[in-house]
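Letter by letter, the chains look like this.
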Amino acid sequence: MSGRDGDLTRREFMTKPLTYLASASLLGLGGEGLLMAVDSASAPKLIMRPLGKTGISLPIVSMGVMNAEAPGVIVRAWEAGMRYFDTAPIYLGGRSEEMIGQVIRQLGVRDKAVIATKATVRGTGRRDPAETKADTLASLDASLVRLQMDHVEVFLLHEVNSVRSVADAGVQDAMIQLKKQGKIRWAGVSTHQNQADVLNAAASGGPWDVVLVGFNYTMSDNQAMIDAMKVCVSKGIGIVAMKTQAGGSNPSRKEVLGSGVTDSVRQSAVLKWVLQHPFVTTAIPGVTKFEHIDDDIAVASNLAFTDDERSFLSNNAIKASLEFCQQCGQCVATCPSRVDIPTLMRSHMYAFQYQNLEHARFTLAGVPKGSGLDVCKSCTSCCARCSHTVNIARKIEALRTIHRV
Amino acid sequence: MMALAPGVIHAQNGAAESSDVPIPADVQARLSGLLPEPAAAGAKPASERQFYSSDLYRYIDGAADAFLGFDLVAMIHQEYETRDADITLDIYDLGKPLNAFGIYAAERSPSYHFLPLGVEGYESDFILNFFQGQYYAKLSAFSKAGKSAPDLVPLAQAISAKIGTEKSMPAALSILPKEHLVAHSEKFTNKSPLGHDFLSPAIEATYSIEGKPAVLLISKASDAAGAAERVRQLRNYFSKSGTVGPGPEVVPGGFRGSNKYEGEVVFFSSGTYTVLCVNPPPQPDLFLKGVLDHLANPQVSSSF
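In the order they appear, the protein sequences are chains A and B.
Numbering follows the numbering used here, with no gaps: position 252 of the first sequence is 254.
Numbering follows the numbering used here, with no gaps: position 115 of the second sequence is 128.
It is possible that some hints are incorrect.
Looking from chain A toward chain B, a few residues come up when the C-beta cut is under 10 Å (computed) [unchecked claim]:
# : residue
1 : 93
2 : 124
3 : 194
4 : 195
5 : 237
6 : 238
7 : 290
8 : 291
9 : 293
Hints were generated in silico from the structure; no laboratory data involved.
Please read all numbers here as calculations on a predicted model, not as lab measurements.
Where is the CB? At the ideal position from N, CA and C, for every residue including glycine.
Using the sequences provided together with the hints, build the complete structure.
In structure tokens:
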């Protein structure tokens with residue numbers, strides 16, 4: 003036999019975990035005891051950071067389990083040193099929770115793993131607190147069933163977009179109760195819209211220990227959010243970053259993030275950018291394949307940019323393709339109606355990049371009559387041009403839709 | 014049976030969200046045409062219709078990746094209100110039936126309570142999901158205080174009727190042998206099967222042989238050389254992560270491998286297919302001969 007492929011007679015035949023069967027065992031077909039704990043002694047030394055005041059430290063890169071369907075990928079993540087696993091009831095309709103629970107149990111590492119899941123609670127801040135409390139408690143109980151666990155370390159109120167949701171008395175009561183019951187160790191919120199306000203509200207009081215926040219390279223000029231994260235840290239709240247890849251794993255965003263660059267360079271560059279902010283404890287890039295883990299772990303042990311990564315991040319063409327409006331104002335001269343395009347572009351950024359519709363509308367409302375969307379209506383198509391390749395017409399069309407609401 | 018997870022997140026600011034991505038008017042009209050008549054369902058619309066496509070992240074956060082991975086065309090979101098409950102309806106247009114099956118199957122478990130809705134569906138107290146044609150429909154109910162869970166089936170039936178009368182599984186699933194197949198375990202993956210891009214696309218299912226589970230994955234290449242290349246990549250992968258060697262006693266030209274991620278496997282190519290069996294049964298040659306015979310059957314579809 004050729005040794006090239008590792009023939010069976012010359013190499014130790016590894017009969018370690020049959021991880022893939024974790025999914026089969028979910029079918030009630032057995033699989034118990036198939037997995038053994040993985041030796042992670044050979045894993046590279048990872049940079050660790052404290053998670054707020056929780057008392058634990060985590061590797062700076064963790065696993066967003068979300069849409070991972072191959073249990074072997076989770077085993078590899080554990081082996082590589084990842085310890086924080088983020089899931090939610092909504093991911094794969096609950097299958098994500100089932101799978102991570104099964105793998106962690108079969109690895110026999112429950113006491114070392116940090117499991118984070120979430121509750122989607124309707125109408126927080128608007129409904130009867132007794133109802134939101136009941137929904138929060140019920141959501142966790144259902145998650146624990148799927149996870150086959152008696153507790154999780156981190157339990158997050160999912161999709162928090164307003165201050166009133168953070169302040170929801172029912173949810174806060176539920177979090178306090180769950181901590182007392184030992185069903186959760188730490189409570190938190192995850193936020194995608196209006197993030198600065200949400201973070202500041204969480205920092206102002208309540209049972210919050212952790213926030214999960216969207217943060218990436220495209221938000222480099224969102225000082226309000228960066229300041230809010232620092233406020234959270236000052237109050238002992240740990241920051242976990244999501245959306246770190248700026249949609250880079252989404253095929254529809256790859257073009258935006260730059261063609262002619264390898265996936266690895268793209269992935270590591272934007273991830274390092276996030277983690278070079280020391281207030282971020284850990285990031286949870288989505289992982290669906292083995293390559294992702296190798297890329298992410300390489301970042302977790304060395305945050306220095308390579309030449310390729312530096313080149314990628316400083317590439318003006320890429321920045322332009324991200325459609326950052328530089329607020330230079332040159333476009334105004336190309337518009338026959340002399341519309342205040344820079345302000346409209348800022349409104350678009352608030353609405354669609356920061357997903358803060360309220361602030362977007364507020365900004366739009368500040369545009370004087372005669373230089374805003376009102377005069378855009380007189381044109382059948384946009385003639386304005388951006389020297390940095392921002393697609394003004396598309397953004398204005400999108401702004402029109404929120405303006406109508 | 015494990016509880017199902019809720020399938021939607023509601024906009025909490027009370028305002029309709031808008032898509033940053035243009036969705037053609039004909040697509041919007043087609044999706045709108047699938048919404049049930051309010052009177053027939055005993056429900057009235059309680060929100061503006063919303064459409065999403067590649068901006069689905071704005072609606073369901075990271076869960077969007079899975080839908081986008083199956084080439085989501087667009088989805089429509091509509092909330093309804095009945096006397097006893099609020100109901101959320103999401104209909105995803107995946108462009109073709111196999112993609113709709115793919116995302117549907119990714120979210121189902123063989124242990125769920127299945128219903129003869131559309132091609133197939135399942136429900137729990139507050140959730141009903143089904144797929145039909147190129148569409149995946151997800152209904153969620155939220156009971157008002159003191160009220161019991163509403164019956165979502167009439168609403169789902171109304172949607173199914175609007176989608177049409179064709180209710181057959183995607184032809185590509187015929188590639189899976191039926192003997193020993195665990196019901197409702199079939200999957201279609203067009204992105205990173207087993208965590209590897211090079212195996213895309215693939216159809217897989219679990220088989221129960223003498224009470225033990227084995228997973229059969231069939232990866233489709235564009236030609237025989239492509240299938241052989243996937244075998245080479247598998248050999249390389251198992252060589253690096255564990256062990257691999259020839260397994261002619263199992264199947265001619267086959268290989269046996271083992272590592273700590275998948276466990277024991279057998280793999281080989283046959284025509285344009287690369288076949289991988291995880292945790293092969295005690296007599297893998299018998300099982301895999303059946304697979305080979307099945308693949309050679311001209312009735313088997315290769316359309317994936």
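Results of checking the hints against the structure:
Checking residue 93 of chain A against chain B: minimum C-beta separation of about 5 Å stays under 10 Å; hint holds. The interface hint given for residue 124 of chain A holds, since its Cβ lies 5 Å from the closest Cβ of chain B, which is under the 10 Å cut-off. Taken as an interface hint, residue 194 of chain A checks out: its beta carbon lies about 6 Å from the nearest beta carbon of chain B, inside 10 Å. Evaluation of the residue 195 of chain A hint against chain B yields a held restraint, the C-beta minimum of about 8 Å falling below 10 Å.
Because the closest C-beta pair between residue 237 of chain A and chain B is about 24 Å apart, greater than 10 Å, the hint is violated. With 10 Å as the threshold, the beta carbon of residue 238 of chain A stays out of range of chain B, its nearest partner Cβ sitting at about 26 Å, so the hint is violated. Satisfaction of the interface hint for residue 290 of chain A is found here, the shortest Cβ-Cβ separation to chain B being roughly 5 Å, below the 10 Å cut-off. Because the beta carbon of residue 291 of chain A sits about 4 Å from the nearest beta carbon in chain B, less than 10 Å, this interface hint is met.
For residue 293 of chain A, the interface hint holds, the least distance from its beta-carbon to any beta-carbon of chain B being 7 Å, beneath 10 Å.
When the structure is compared with the earlier hints, violations turn up for hints 5, 6 and for no others.
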